[in-house]
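Student: Residue-level listing of the chains:
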Amino acid sequence: MRQPVVNQDLPDPPTRSAADADVLRVIGFLLLQHGKVEQAVGLFDALHTLFPDDVGIGLSLSYALLQLGNAEEASFLLEEIESYSDFSLGYSSLQQNPCFCWLRSQAFFQSGQSVEAARWMRIFLRLRRHSNSKVTV
Amino acid sequence: MEKISITQHPSSGSRIESDSYDGHFEVTHLDQAGLFFPTLVKLASPDVNDPQQLDLLFPLHSIADFVVEQLRPTDLNTEIFSMSRFNDAIHAWQIHLQELAIEHPPHARRFGHLARLLRERNALFRLAKMYSSALLQG
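Keeping their order, the protein sequence lines are chains A and B. Residue 29 is where the first sequence starts when you use this note's numbering, and the numbers rise one by one after that. Residue 528 is where the second sequence starts when you use this note's numbering, and the numbers rise one by one after that.
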């Protein structure tokens, strides 16, 4: 099993800027869109190691892990993102980000925690009702 | 010459009308301001009490589509979609990842995995090109 990303022995800040990762972000997104989930996990896993504060990369990795059925690691990662994220992609907090809430819901659901899953799904639906097409990631 | 007009229809959004056909069409391009996009709320049947909620179901095919859409990278520099820039960027990343793998053995497998993925440069570029074309076409 793949080891979860932990905050120890992280590489030094990359000599490349986050903007240089754009090409990799696009490739990762396209891999997800085309169902190449294992490759997407590999890509976003490496990117998350290099840019641990990037919420978009973290959420993309969580989504890919859930697509592979790896709810445990996705949950771990979502909690990690929640704990150290100082920004939330244009939302007032990560809990206001519908994508984050949906991922939380799916992670709980896949782990068999249906009560928590339902709670996060209700939050997702409420947020989506209020911010239908907000795309900020 | 036949003229085709696109008009708003109260129930289905829009329709194309034509009176005759002689083998030639004249398509009249309308100003963008005049284009009609069906208002989703009109798709609600009369017995739906909360058309706003129904409205939410239509912009994307499913919740998963909505979520993936949220993960789409934004504020991209579109120059990365030119072949030379794309190849340069991928090549630079391959070298950088190899260096990182050597410098940080605990993460070597991760970086090596990504570096191997990037070997498929041509296939990745085709994918990226399709994506940029789709972006240009809205």
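Calculated from the structure, these hints are not laboratory results. Even for Gly, the Cβ is constructed at its ideal location relative to N, Cα and C. Worth double-checking, as some hints may not be accurate.
[As the list claims (entries may be wrong)] No farther apart than 20 Å at their CA atoms in a straight line, the calculated lysine to aspartate or glutamate pairs in the DMTMM-like style are these:
| id | chain 1 | residue 1 | chain 2 | residue 2 |
| --- | --- | --- | --- | --- |
| 1 | B | Lys656 | A | Asp50 |
| 2 | A | Lys64 | B | Glu626 |
| 3 | A | Lys64 | B | Glu596 |
| 4 | A | Lys64 | B | Glu630 |
[What the hints assert, rightly or not] Here are a few chain A residues that face chain B, going by a calculated C-beta distance under 10 Å:
| id | residue |
| --- | --- |
| 5 | Asp73 |
| 6 | Tyr91 |
| 7 | Ser142 |
| 8 | Val143 |
Student: Starting from the hint list further up, note which numbers the structure goes against and sort them upward.
Tutor: Those not satisfied are hints 2, 4, 7, 8.
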